[in-house]
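Quick note, the sequences are listed as chains A and B, same order.
The first sequence begins at 1 in the UniProt record's numbering and counts up by one.
The second sequence begins at 1 in the UniProt record's numbering and counts up by one.
It should be emphasised that the hints constitute simulated quantities derived from the structure, not laboratory data.
None of these values were measured; they are calculated from a predicted model.
Ideal placement from N, C-alpha and C gives every residue a C-beta, glycine not left out.
It is possible that some hints are incorrect.
[Unchecked claim] Examples of chain B residues toward chain A, derived with CB under 10 Å:
#1 Trp12
#2 Glu16
#3 Ile99
#4 Phe125
#5 Cys136
#6 Lys150
#7 Thr171
#8 Gln196
#9 Tyr202
#10 Leu205
#11 Ser208
#12 Arg228
[Said to hold, decoys possible] Far from chain A, some chain B residues (derived; all Cβ distances over 12 Å):
#13 Tyr26
#14 Thr27
#15 Asp30
#16 Ala33
#17 Thr48
#18 Ala53
#19 Gly57
#20 Val67
#21 Ala80
#22 His103
#23 Arg117
#24 Arg131
#25 Tyr147
Protein chains: 2
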Amino acid sequence: MAGRAAVPEVIWSRPERTGRGPRPAYTRADIAAAAVRIADAEGLDAVTMRRVAGELGCGTMSLYNYVPRKEDLYELMMDAVSGEHELWEPSGDWRADMIRVAHQTRALMHRHTWLPRLMSPVYGFSPNALRYLEHCLSCLDPFQAPYGTKMELVAMVNGVVTTYVGNEIATAERTRSLPWSADEENAARIAYLGRQVASGAYPRLAASFAEDAGPIDLEGVFERALTRVLDGFG
Amino acid sequence: MAGRAAVPEVIWSRPERTGRGPRPAYTRADIAAAAVRIADAEGLDAVTMRRVAGELGCGTMSLYNYVPRKEDLYELMMDAVSGEHELWEPSGDWRADMIRVAHQTRALMHRHTWLPRLMSPVYGFSPNALRYLEHCLSCLDPFQAPYGTKMELVAMVNGVVTTYVGNEIATAERTRSLPWSADEENAARIAYLGRQVASGAYPRLAASFAEDAGPIDLEGVFERALTRVLDGFG
DNA sequence: CCTAGTTACGTACAACGTACGTAGTGCGCT
DNA sequence: AGCGCACTACGTACGTTGTACGTAACTAGG
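Based on the provided sequences and hints, a complete structural model is requested.
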């Protein structure tokens with residue numbers, strides 16, 4: 001209980017290599033890549049300390065030389081995939097650039113479906129996150145506003161992307177894991193809700209479900225949400 | 001492996017009481033209340049099957065007669081606190097009503113700080129969730145738009161509230177669990193980021209942090225985000 | 001009344017994060 | 001040059017988790 005971390009212990013503040021002792025067998029990039037590979041292939045829940053160590057080919061407890069807590073492993077994973085962001089020269093049209101950023105982030109999250117779950121609490125300040133943030137701010141150079149407003153815009157766009165793609169992924173995984181089609185799922189949901197709604201206590205809900213019977217166009221929903229958020233910033 | 005649930009197994013579709021066998025010692029409301037009490041007092045991670053059973057005064061495995069999986073216990077918790085929503089007669093000004101809804105949900109989440117974590121994947125269709133949804137739609141009666149648009153508005157407001165209050169809570173819990181003040185926290189973060197920014201690779205980030213040195217007004221951020229979202233809907 | 005379905009609960013298991021102890025290794029200092 | 005210490009590596013072990021399973025008691029429907 002004595003000398004254990006009287007400091008935030010952000011992993012990015014501790015150096016990867018101190019110079020003393022034998023050279024580490026793996027880099028942080030190696031570890032992050034292994035964890036990302038597992039998460040992409042088998043889901044986030046398959047990312048355990050034992051499994052990652054096995055993927056690297058070392059003992060379980062050796063991982064703790066690189067990563068003090070599992071939470072920091074998650075941090076490494078988020079930073080690794082944040083490096084996949086393509087950073088272009090701003091076009092001069094900040095609105096178009098932010099839409100492009102949002103679509104790219106959405107694609108990134110669909111490539112790594114575990115990302116929304118890790119991002120939803122709060123995203124930190126990893127190296128690649130800083131580069132991404134700086135790029136967003138550079139896209140917003142033509143947007144006449146104090147930096148506080150620009151940061152709020154970036155946070156809002158990121159929040160909306162995380163929320164909506166998280167929903168898309170949850171929906172997709174539910175329909176994939178279950179042994180029936182999306183239409184049947186939809187029908188079953190209508191059937192259950194129909195029973196609730198039949199009581200007459202929810203007339204507007206009933207009208208809503210009667211209005212749009214088909215499956216929801218998730219991409220369209222995302223696009224409209226994004227447009228509305230940007231509209232709110234004028 | 002044979003007869004185990006070839007159906008979604010939404011907990012709300014199974015009756016609370018079938019009539020056969022001894023009468024259950026507890027109601028779903030009892031169980032939900034116990035779990036909520038624990039989560040409010042000791043955090044969501046303290047809500048384990050053993051702990052809830054202990055709070056009720058029954059054996060651990062007896063809980064599984066009421067709740068097939070832990071996920072369903074979460075569902076019960078969300079429904080229970082959703083019942084705390086105050087549902088008023090719509091004022092005729094849908095914008096004002098939605099702002100009131102959002103503030104009330106925010107207050108609810110601050111009262112039950114584990115809510116954003118449970119809501120972020122997707123919120124289901126529990127009885128009280130349906131009542132809440134119907135209330136939102138009734139507030140939107142003066143809003144001339146198809147129900148699809150109204151549903152998107154409600155979803156967006158809920159998403160923003162969840163995201164932002166989730167951030168507020170994460171920030172608050174970080175400063176509470178750590179043995180230094182918010183100012184020191186802020187200073188430490190500036191110090192760490194300052195080191196990164198000092199390289200000169202992030203000029204706009206540097207300018208941003210130079211601009212607003214004080215602590216962030218989270219309530220103001222929330223208020224502005226909400227206003228902007230509603231502005232996006234005209 | 002009987003029997004089938006339900007409740008109650010103790011035992012048990014696999015999997016998790018990780019504390020701890022020990023052995024080996026190589027940089028920095030004297 | 002060589003000593004020492006900080007670091008790496010890793011096996012063992014502990015506490016905790018969700019929950020499968022078996023058994024005993026009980027109550028409504030035929």
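Determine which of the earlier numbered hints do not hold for this structure and return their numbers in increasing order.
-> 2, 3, 23, 24, 25
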